[in-house]
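Asker: Here are the chains, one letter per residue:
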Amino acid sequence: MTENNGQFAIETFSLTKIFADWWGRSRVVAVDNLNLKVRNNQVFGLLGPNGSGKTTILKMLLGLLHPTRGRAVVLGGDGKDPKISAQIGFLPEESYLYSYLNARETLDFYGSLFGLNSRVRKSRIDALLDMVGLAGMANRPIGTFSKGMARRIGLAQALINDPKLLILDEPTSGLDPIGTRQIKDLIVELARRGKTILLSSHLLADAEEVCDRVAILYGGLVQREGSVEELLERKDKTQITTNILTDRAMEQIRRIVEKDGGEFEVKPPMQKLESFFIDIVRQAQQAKRPTSGAMNRLEATDAERAAAMSNVLDKLVAAKIEPSEKTEQAEVETVKIRPDDDILGKLTQEPQQITEPVVREKKPETPELPPQQDGIKKDLLNELVKPKGFTERIKKKDKKTEEKKNE
Amino acid sequence: MSRVWAVAKNSFVSAMRMKTAIVFMLLLIILLPILSITSTGDGTIKGRIQSFISYGLGLTGFLLSILTIIVSCYTLSSDIKHKQIYTVVTKPIRRFELILGKTLGVVLLDTLLLLVFSSIIYALTLQMPRLTKTKGDELVRLNNEFFTARASLKPDIDEQVIETKAQKSYKELQRSGQLNDSRSKQAVMQELKDIARYSMHSAEPGGMVIWEFKNVKPFDSNDNIFVRFKFEASRIPPDKNIYGVWYVGDYRQIKYGQEKMKTPIYAAPRKDVVKTVQEFQVPANAVAADGYLAVVFYNEPMNDSTIIFPQEDGFEVLYRAGNFGLNFVRATLIIFARLVFFAALGVSLSTWLGFPVAVMCSLAVFFTGVINGFIIGSFAYLGENVSLFYKYAVEPMIWLLPKFDQGCNISKYIIDAKLIGTAFFAVTIAGLAVKSAILLVAGFIIFARREIAKVIV
Chain A
1 MTENNGQFAI
11 ETFSLTKIFA
21 DWWGRSRVVA
31 VDNLNLKVRN
41 NQVFGLLGPN
51 GSGKTTILKM
61 LLGLLHPTRG
71 RAVVLGGDGK
81 DPKISAQIGF
91 LPEESYLYSY
101 LNARETLDFY
111 GSLFGLNSRV
121 RKSRIDALLD
131 MVGLAGMANR
141 PIGTFSKGMA
151 RRIGLAQALI
161 NDPKLLILDE
171 PTSGLDPIGT
181 RQIKDLIVEL
191 ARRGKTILLS
201 SHLLADAEEV
211 CDRVAILYGG
221 LVQREGSVEE
231 LLERKDKTQI
241 TTNILTDRAM
251 EQIRRIVEKD
261 GGEFEVKPPM
271 QKLESFFIDI
281 VRQAQQAKRP
291 TSGAMNRLEA
301 TDAERAAAMS
311 NVLDKLVAAK
321 IEPSEKTEQA
331 EVETVKIRPD
341 DDILGKLTQE
351 PQQITEPVVR
361 EKKPETPELP
371 PQQDGIKKDL
381 LNELVKPKGF
391 TERIKKKDKK
401 TEEKKNE
Chain B
408 MSRVWAVAKN
418 SFVSAMRMKT
428 AIVFMLLLII
438 LLPILSITST
448 GDGTIKGRIQ
458 SFISYGLGLT
468 GFLLSILTII
478 VSCYTLSSDI
488 KHKQIYTVVT
498 KPIRRFELIL
508 GKTLGVVLLD
518 TLLLLVFSSI
528 IYALTLQMPR
538 LTKTKGDELV
548 RLNNEFFTAR
558 ASLKPDIDEQ
568 VIETKAQKSY
578 KELQRSGQLN
588 DSRSKQAVMQ
598 ELKDIARYSM
608 HSAEPGGMVI
618 WEFKNVKPFD
628 SNDNIFVRFK
638 FEASRIPPDK
648 NIYGVWYVGD
658 YRQIKYGQEK
668 MKTPIYAAPR
678 KDVVKTVQEF
688 QVPANAVAAD
698 GYLAVVFYNE
708 PMNDSTIIFP
718 QEDGFEVLYR
728 AGNFGLNFVR
738 ATLIIFARLV
748 FFAALGVSLS
758 TWLGFPVAVM
768 CSLAVFFTGV
778 INGFIIGSFA
788 YLGENVSLFY
798 KYAVEPMIWL
808 LPKFDQGCNI
818 SKYIIDAKLI
828 GTAFFAVTIA
838 GLAVKSAILL
848 VAGFIIFARR
858 EIAKVIV
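Protein sequences appear in the order of chains A and B.
290 is the number that my numbering gives to position 290 of the first sequence; each next residue is one higher, with no gaps.
756 is the number that my numbering gives to position 349 of the second sequence; each next residue is one higher, with no gaps.
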């Protein structure tokens, strides 16, 4: 943490990558003069169409590619340095896994690369398999998995070291809506616990939901950067959401609006297709339909889901853990309303040196970003740097969870 | 180290679950017992066992080398090609640990397979005499000439002596004025040296050839020592038989006329066919206490022919200096060291080459090893004119190549029941270890600098 006093998890300085052809002649400028700054405990989204340089940036941060010019500082050091990479979890664009290993062996292999001892590995693997809904398929070779199932194992391997920084390349690609929802919940929950997450995606709806801040890339250049709320807020419209109103009340509102010279439109709010889909699948699970796919717990509401994810992560990061108990399985395997409290505990029974326990209540507020110096228009930046939405969202979610518990 | 071990375990599992390994294992499991039944050799039980062990060890060494080459070239290049390497090198593992782990995984596979198959060969070899109910003389002969490990003594030509002799002859010629001015001194000396060398291994009618050896250490003085020879004659009699007497013992006792004979000198009058390998034995107590032994061949005048022992394979003394089991273990360990070398070669090459090219290069090295002597010979011949380049560029490269032929043909040692001497064993193993280490270090350096996710547009 020399260069930035620990303020930034990732910082790049004029990072440039030019791909050359076989003769060494420059051909494609994949990343151009990138000055990226990702603060600690931020969820940062790299958005852009295919070929805009998202993956190339991630690969340079991780040392898989050497920059043509400039440099990148990750967690205060070089991403290739084992001391730094021990604190990083990485999910590549496709889950490049060994098809001949089964799910458990795969996670055990990656756990060993982090030097975790076999007891810690075992408990973390159990918890992670449970979390990604593949506990029942632990002994099946990865080669027989569907793309989405492999993706879940990919995600599990990225979490096995309880990383400080998660780098996720297209985290939701190939996942079904339930998996997608879960990953989004997980990202939010991890961020709440002080982790930094850098993700690349072209699925804008997913990014919109989880990111505090996004950079939109095109042709290797950052076109826009800023917090999601600031970028997307429509300053010319107002939206009012209420319970169903009587005709009389509606008429009154119409009159007020028209008097003010505004336009007025009334329609019932649409449910999101995602939540509709999740409802249907949950009902099928409750009807005990058998499935050979991943088994996800489907909590009914956002609050329940958040609570469930929070429980899982609690166990991953708690410094002190109760002795491990056998994970209870609900009668119907496919339906699990609340995850067991000890899953995450098992994951963190023996925190490694690199693993810093994160105290839940002490989550630092995202500090206000100073305006960026280089590359980007200042007036635009000034608009972009008022982060408050994310922390507010989190607080709301916490509140809801508390209420649920009290009930 | 735990990381290296994790990678090793993974690449071992990969190889075991790869069909290639299974195919090679099945091939050996089926072929070895069949070989033990079908090999006939020269018809005797010794010939059968010799041909079995020759094919068995040869086949095992060959197939395992090929398997090692394929697996070691595959394990890293496939990770790079299928991009699993992305999730591995981004973990806290150093690149050299990855290379080391990959190599170790292949070595583990080799250890397992070699252990299994050499045990099968060993067990079948020991069982063959029992299965064929070999008894009596044949069994004794088998135990003396096959189930043993004999050290071999070959005449060591002392160039100093040859030089002195040639010089002497040259002066003689000079004095008698027989030198022709048209020929250079060098050419004449060369011819004289050849004559001197030749004369040391040939006997005119009524003449003698004497071979002297030092540091002869038989395993047990109650054993026998074996004299193996092959000669040619300037005039071959109709029945091709040559008469001669062999004396084996401490020749110094006669030469310097000691008062009392300390060790016996054995005389063996024989009649042997020319141009075929012959062998006879005398008690090992013929060897003097200080390890000196002399063998003398006396050419009977009635042959009326000069007897010549070819320099290559004309004369050899063998004596038991170890046992079959130990010799077999040493042979297996040398094969193992070769497999380690190929594992290091394959992994090292695939740090910068794709699978097909790496396999091709490794196979080229393998087959070069098989005809190493030929290659060295031809390079030495070519290199005479470009000696500096040869010495500093070609020679080190050739040194890096493994050597499986001539003196390094391991199954030949077992077939001939020749002891794999401790010095030879240590030098061979150390040589291969050094070569493997050099290859691995080269691999470390290349791989550490490699841009793993490099895209060429």
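One should not assume that every hint holds.
Claimed, not checked - Distance condition first, Cα-Cα at most 30 Å in a straight line; then the derived DSBU-like pairs of lysine-lysine:
#1 K572(B) with K83(A)
#2 K861(B) with K80(A)
#3 K426(B) with K147(A)
#4 K621(B) with K540(B)
#5 K122(A) with K678(B)
#6 K416(B) with K80(A)
#7 K83(A) with K416(B)
#8 K416(B) with K147(A)
#9 K147(A) with K621(B)
#10 K798(B) with K842(B)
#11 K490(B) with K184(A)
#12 K416(B) with K122(A)
Worth flagging that the hints you see were computed from the coordinates, not collected in a lab.
Asker: Does each hint hold? Answer for all of them.
Answerer: Going through the hints against the structure:
no., hint, verdict
1, K572(B) with K83(A), "violated (72 Å)"
2, K861(B) with K80(A), "holds (16 Å)"
3, K426(B) with K147(A), "holds (24 Å)"
4, K621(B) with K540(B), "violated (40 Å)"
5, K122(A) with K678(B), "violated (78 Å)"
6, K416(B) with K80(A), "holds (23 Å)"
7, K83(A) with K416(B), "holds (23 Å)"
8, K416(B) with K147(A), "holds (26 Å)"
9, K147(A) with K621(B), "violated (74 Å)"
10, K798(B) with K842(B), "holds (18 Å)"
11, K490(B) with K184(A), "holds (26 Å)"
12, K416(B) with K122(A), "holds (17 Å)"
Figure legend: structure checked against the earlier numbered hints; hints not met, in rising order: 1, 4, 5 and 9.
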